[in-house]
Amino acid sequence: MFRTRPDHRPETVQVFVEGRALMVPEGSSAAAAMLIAGLPAMRETPVSGSPRLAWCMMGVCFDCLAEIDGIANRQACMVPVAAGMRIARQHGAREVPR
Amino acid sequence: MTVRRFDAMVIGGGLVGSAIAWGLRREGLSVALLDEGDAAYRASRGNFGLVWVQSKGLGAPWYQRWTRQSAESWAALADDLAKQTGLSLGLSQPGGLHLCLSDQEMKDRETRLEQMKREAGNYGFDYRMLDAREAREMLPGLGPAVVGASFTPYDGHVSPLALLRSLHHGFTALGGVYLPNVKITGIATAPRNFLLQTNLGTIQAERAVLAAGLGNAALATHFGLKAPVRPQRGQVLVTERARAALPMPTTTIRQTGEGSIMLGDSVEEVGFDTRQSQPVMAEIAHRAALCFPWIGKLNVVRAWSALRVMSPDGLPIYEQSETLPGAFTANCHSGVTLAAAHGKLLAPMIARGELDPFLAPFSAKRF
Chain X
1 MFRTRPDHRP ETVQVFVEGR ALMVPEGSSA AAAMLIAGLP AMRETPVSGS PRLAWCMMGV
61 CFDCLAEIDG IANRQACMVP VAAGMRIARQ HGAREVPR
Chain C
1 MTVRRFDAMV IGGGLVGSAI AWGLRREGLS VALLDEGDAA YRASRGNFGL VWVQSKGLGA
61 PWYQRWTRQS AESWAALADD LAKQTGLSLG LSQPGGLHLC LSDQEMKDRE TRLEQMKREA
121 GNYGFDYRML DAREAREMLP GLGPAVVGAS FTPYDGHVSP LALLRSLHHG FTALGGVYLP
181 NVKITGIATA PRNFLLQTNL GTIQAERAVL AAGLGNAALA THFGLKAPVR PQRGQVLVTE
241 RARAALPMPT TTIRQTGEGS IMLGDSVEEV GFDTRQSQPV MAEIAHRAAL CFPWIGKLNV
301 VRAWSALRVM SPDGLPIYEQ SETLPGAFTA NCHSGVTLAA AHGKLLAPMI ARGELDPFLA
361 PFSAKRF
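For the protein sequence lines, the chains are X and C, in the order given. Our numbering numbers the first residue of the first sequence as 1 and each following residue consecutively. Our numbering numbers the first residue of the second sequence as 1 and each following residue consecutively.
Mixed in with the good hints there might be a few duds.
[What the hints assert, rightly or not] Using C-beta positions, here's what the derived DEER-type ranges look like:
| hint | chain 1 | residue 1 | chain 2 | residue 2 | range |
| --- | --- | --- | --- | --- | --- |
| 1 | C | D103 | X | F2 | 52 to 62 Å |
| 2 | X | G70 | C | P312 | 50 to 60 Å |
| 3 | X | C56 | C | A360 | 39 to 49 Å |
What the hints contain is simulated information worked out from the structure, not anything from laboratory work. Bear in mind that the values here come from a model prediction, so they are computed numbers and not experimental data. Beta carbons: idealized from backbone N, C-alpha and C, even for Gly.
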């Protein structure tokens, strides 16, 4: 279902999606990295637990919330990848940071 | 155009108007609920959602009592609406805390609640002042800036948007006639006979309830009534959803059933200016983080402002017109807290055609 853009992007960076190392084009968003990784869902909603995948990819729908480098509920489509970035699924509502 | 006739018309489709219209319909009256549309200031869309007793009615025990009666009727209101609509309002009334950030604030708070208890007389008013340790046991995660809190068992919170939706849904399910986007172009009045020319045709009713919020100020004069209300701006910040962390609301901070944390309670006298202002938003966030340092680590995802409907002394206005009986005003800034009183206590009085004497102090003659 998901295909990467056809243009030539030779530069890649290594990120970790759900702990798995993955090379993605430089300049990709963390949400794109999760799509490249082939995850069936990125998060479960806090209220009903229903699974969600990135939808708008432009910062509006909040369906791509993910835990990025240990910070919960980030809009993965708005975060450009960086070498070594750790991207994990968001399971329901975040814990409050105490 | 044909004239549509009703036992009652309620002007204003916000929380006050729709609670009264719902209550009138339950009394068996035919009711038209006239809603202006999104051109209105829509205080009911900006509400914080507290069902709040502990700060209300200092020096005015009749208001304290009215608020208490509403809080006590709230569970029944939520129950009635849930049965009718199948929608949950997320009502929770575990009591509430008012957090104090200095010894002076604690002293002032205690003085205030002592006076309220005195004024409650035989009716009673339970409260407790909690030291920092006790407050921390009730609300984990309180910051070191909190020196104590006051607690009353009557307080709670609810989803104000779900309430508005449920009242509208419940009202129409009972056979009430909801008319949105109404523009009033002419008003003709006689005792117990009110005729409105509108863009949707002519509407006639024996009773007219003015519940148009800030719009009541101008509307009331046509009905031999006074409603000297002014806008008072409040701003609200909302965080991302988080797991349940706050077992009860405070005066300015609550966690919704879905997990969002709402921060609010600013007060600004800026007329009809509905913009937000960065310094006030920063102050709200700063105070919230002083109360609960962990809130400072959450993302704020939404913010808005809305205009409270304020009378000169902050208390509601309820009155039947002397020159045009059948016309009533209903104004308040606590459309959520008082929704149960409006739907279950006030509406039956309006249906009967007479306000109970204990509502006399709410007449606009006091101004």
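Hint by hint, here is what the structure shows:
| no. | hint | in the structure |
| --- | --- | --- |
| 1 | C:D103 to X:F2: 52 to 62 Å | 60 Å, holds |
| 2 | X:G70 to C:P312: 50 to 60 Å | 52 Å, holds |
| 3 | X:C56 to C:A360: 39 to 49 Å | 56 Å, violated |
In summary, the one numbered hint that this structure violates is 3.
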